[in-house]
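Mapping to this note's numbering: the sequence shown position 24 is 35, numbers consecutive.
Don't read these hints as lab results, they were simulated from the structure.
Don't take every hint at face value.
[To be verified] Ranges of calculated distance between the beta carbons of each label pair, as one might list FRET restraints:
#1 Glu113 / Ile81: 21 to 29 Å
#2 Phe41 / Gly71: 18 to 26 Å
#3 Gln39 / Lys105: 16 to 24 Å
On a predicted model such as this, the values are computed, not experimentally measured, just so you know.
Glycine included, C-beta positions come from ideal geometry on N, C-alpha and C.
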Amino acid sequence: MSSTEFLIFIHFCQKRLLVNTDESVQVQPFEENGYLARIDFNPTVPHCSLASLIGLCLRGKIQKNVVERIKLDIVIAEGKHSTEEEINKQINDKERVAAALENPNLKEMFDSCIRDEE
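Sequences and hints are given; from them, build the entire structure.
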């Protein structure tokens, strides 16, 4: 997948979740044959209870569909959520993501969110 195709895919994901703007996706080459992608997203309201799930789903959808080496940095846009620092740490920490997906109820919602439409 070229960097252009990757950007198109990221933009497709953000449109489906309706939480991003075009300016919120930054992709640059990273190491050999890889990419660094930073995605800022805006929850619907500053106290959105689903912000963690939205970030987790962004991460899952991208990782599921992108085969290239990629380092993802998914964050809530600055000033857009009352607990953005805590949520940003949560959705960018591999151990926390793995632990979250061990919860059967959360895993079911996550799978539903990232499922490809047929």
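Is it true that glutamate 113 and isoleucine 81 lie within 21 to 29 Å of each other by Cβ? 24 Å, holds
Verify the CB-CB distance for glutamine 39 and lysine 105 against the hinted window 16 to 24 Å. Between glutamine 39 and lysine 105, where Cβ atoms are some 21 Å apart, the hint holds.
Using the C-beta atoms of phenylalanine 41 and glycine 71, is the stated range 18 to 26 Å upheld? 20 Å, holds
Hint violations for this structure: none, all hints satisfied.
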